[in-house]
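J.: With chain A's structure known, arrange chain B on it following the hints.
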Amino acid sequence: MATRTIRQEWPRTAEDAAGMLRSCAEDAICVRIAGAGTKPWGHPGADCALHLHTGGLNAIVEHNAGDLTAELQPGVTLGELDATLAPAGQMLALDAPLGSGDGATVGGAIAAGDSGPLRHRYGAPRDLVLGVSVALSDGTVARAGGKVIKNVAGYDLAKLFCGSFGTLGLIAEVAVRLHPRPRALATATATTDDPVELAAAASALAHSSLELQSLDVRWRSSLGMVLARFGGVAATQRAAAAQQLLARAGVQAAVVEDDEPLWAAQRAAQRSAEGGAVVRVSGRPSQLADACIAAQVGGASLVGRAGLGLSWISLPAAAPGELVTSIARIRKVLAPSPCVVLDAPVQVRTHLDPWDLPEDAALVLMRRVKARFDPTSTCNPAIFAGGI
Amino acid sequence: MCGYPASAVPAVVVNPSHPPIDTPTHAPLTPRLIERMRARCGSEHVYTDADQLRTYESDGLLQYRARPGVVVLPGSAAEVRDVVRACSDAGVPWVARGAGSGLSGGALPVEEGVLIALTRMRAVLEVDLPNQRIVVQPGVTNSEISAAVGPTHFYPPDPSSQIVCSIGGNVAENSGGAHCFKYGFTTNYVTGLEIVLADGSVVTLGGKELDHPGYDLLGTFVGSEGTLGICTSVTLRVIPVPEAIKTMVAFFETTSQAGETVSEIVSGGVIPGAIEMMDQLTIQAAEQAVGAGFPTDVGAALIIELDGSLAECDACFEDVVAICERNGSLSIRIARDEADRALIWRTRKAAFAAMGRIANNYYVQDGVIPRTKLPEVLEQITALSERYGMRVANVFHAGDGNLHPLVLYDGESEAQRAEELAGEIVQACVDAGGSITGEHGVGVDKKRYMPSMFAEPDLAAFQMLRCAFDPRGLANPGKVMPTPRLCGEVPGPYRRHPLERDGVAERF
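If you read the sequences in order, they're chains A and B. Here the numbering used here is used: the first residue of the first sequence is 12, the next is one more, and so on. Here the numbering used here is used: the first residue of the second sequence is 975, the next is one more, and so on.
It should be emphasised that the hints constitute simulated quantities derived from the structure, not laboratory data. These numbers come from a predicted model, not from an experiment. Among these hints, one or two may not hold up.
Unchecked claim - Here are some of the chain A residues that sit facing chain B, going by a computed Cβ distance under 8 angstroms:
1. Val152
2. Ala155
3. Leu168
4. Glu222
5. Val266
6. Asp269
7. Val351
8. Arg379
Glycine included, C-beta positions come from ideal geometry on N, C-alpha and C.
Same shape as in the complex, but just chain A:
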């Protein structure tokens, strides 16, 4: 058997990237597209002779402070971007985990649809991206959307590419909406050992008019915590109001002003330790207690965006076979909520379908979309939902 050599490329322009994709399409070579590679999720996929990295596309093209927008190349890291925007008192409200070496890139977070606790208030990448330029396998660079925060001209291909895991093409540039950094932050927290009480406390906050910036829960070793973060001039006052609301709901609460470590821990818990696995549950807020119980039964821990119904169940390191069994059990208990496997050893992602997407009409339509955008199946083949 011939040894396969893998070529590594770092295109420096969108046109370069499109040219490489086209050339591979013509030669029937598939391409793995990645940012820093901090999110090796999905099916293991095909072995590809070319690996395309976005590290050469790493410029902050424009920061329009007065308009609260920016144009970014995909290889800019989230950390770098934050450091650039901070002096202007602004931020990209995308606080996804930064991964190993704090390497997570803007393009990677967007392509994976990843997010952090700020999602409660500001939405997912799809809600922050105003426009995209994408390199396609037919060699063209196509643009959609714009760089203004309101725009309905043309199809919203930016949403199509958010969360598409590079299977339609390479995101070569994005225009994003920025937000002012809150002038002050404060968090109200409460703990309880009863998952139902935890869910009720979170629900009371989700239905309040306090305008939370983040609303998270965690469940670990039979103990739960709800965390409500406030940003703004009156952050501390509002956290105190949340504390009272929690007290009325029957849980003892506290206000934490130096709250960053709490939230760093929430973000970190969206990733697994080496040899473990993370399952992202797309549930409903009313099912939060069930998700906590499902995690506890398997010796796992959970962090959740309580107001959104999203949870990340983290399974501790175990043999791949055991992880597969645990994941199957979680899926069974929480069905029909989609349970997508994120971090997991490759054996696990080979053995089960990480995507948990039934064969239905939506999947047929997704395959048709893939066939139109990447008819040669050049870009990241076989890693995505439905084997796309």
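T.: For chain B alone, kept in the frame of chain A given last:
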């Protein structure tokens, strides 16, 4: 904003750039197809009389009209599916229509084609407040949604036409409104859709949960202007009503001062619930209509509404007042109570209709610019207004740079020039880095401007999406894309011949 022009009915312009669609994939309407619709939906819900059809010739943009061959009003998702399937079998193109209040001709019928009106599908299917969701049929009006989840919750996107416009139309157009700078657009609130594709297949996208695995076809469908299919059920996120709302109007000598005020408020970290600007001409017209007591000799009025937690509103309100004063505000009026607040908003929302008091006709433009470009684009609009010798009144969603210049004109003879002037304004928006439409959509009216914003590869990528959903181009043909395009088969994987690859042979 898809406001229905209440007075001031513009003259009809039959635009020569929009010939009837005639593509090889389309077949003419047949009596047999009409019969199938009658059998499925009931004869009383299938219109073919000229008088009945006339009602559906135009949507809110009266410059365009086209007579459909038949109008069908299905009463259920299953009926929609069967009507679409029948059209697919016959190869006849169709257009979906909600309340018909859109302002870009998005629901303009195909001449002699099928028009599917969703007005009978007005049921609220489920209110799930514990999960902050509501499930509705497409014909439910925007206002009915907030009413169904009140008083504790509300649905933020609020186009000016919210009393009449339907959620199906909002989904098609990705409608915004006055509060979207803070709260976002329709697309940020749709979590699930049931759609019927042009081949009659039914697809469920998303649900009450977020982040369903696979492509975000939900986000792709919202704002696709009825060209990718029809939605028959919409699941929406709703949110708690704000604890406090504080509304004020600041008056300035110039629009530039008002614009500078907006920038300073936002860059200071305050995101108002709404921030709307009216220029002098607009104030004068609206004041005549409403009589709210706005001074008519000022250059600009800036309506600022803060909402959210009481503590936050109180803390920010003084800052905002200080910023207004620092930027030279002549006077500030703070809404004393709910009635006063309603009066201020009535003045703003009357702006379009009030133009009828100062001109016979007007043409509403909908462009977007980066907010910081406001002064220079306004100067250009003033210069254009002088060059054409036509008055232009300006209303803006100032937070997100969405301009609604209203080009005023008198006789029908001026209609063409008014449209030309409006076209130059759109070009100025694009040149400033903005967009040809912020919320009214492309429809038929703006498709000719698409090439000023998008290059050929961009349009080709749009067409890829269209072809994945509707390869025969049966759904709302002739909209969005500047020129008609066909889909063709999915290209097979083209492989370079080994000799070619090795440079031995070339392909000519």
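J.: Each of the hints needs a verdict: does it hold here or not?
T.: Okay, the hints, checked on the actual structure:
Checking Val152 of chain A against chain B by beta carbon gives a least distance of about 6 angstroms; that is within 8 angstroms, so the hint holds. This hint holds: Ala155 of chain A has a C-beta 6 angstroms from the nearest C-beta of chain B, less than the 8 angstroms allowed. Hint status for Leu168 of chain A: holds, given a least beta-carbon distance of 6 angstroms to chain B, under 8 angstroms. Using the Cβ-Cβ criterion of 8 angstroms, the hint placing Glu222 of chain A at the interface with chain B is satisfied: the shortest such distance is roughly 5 angstroms.
Because the closest C-beta pair between Val266 of chain A and chain B is about 14 angstroms apart, greater than 8 angstroms, the hint is violated. For Asp269 of chain A, the suggested interface contact is broken, since its CB lies about 20 angstroms from the closest CB of chain B, more than 8 angstroms. Taken as an interface hint, Val351 of chain A checks out: its beta carbon lies about 5 angstroms from the nearest beta carbon of chain B, inside 8 angstroms. The criterion of a C-beta within 8 angstroms of any C-beta in chain B is met by Arg379 of chain A, whose closest approach is roughly 4 angstroms, and the hint holds.
Of the hints listed earlier, those the structure fails to meet are numbers 5 and 6, in rising order.
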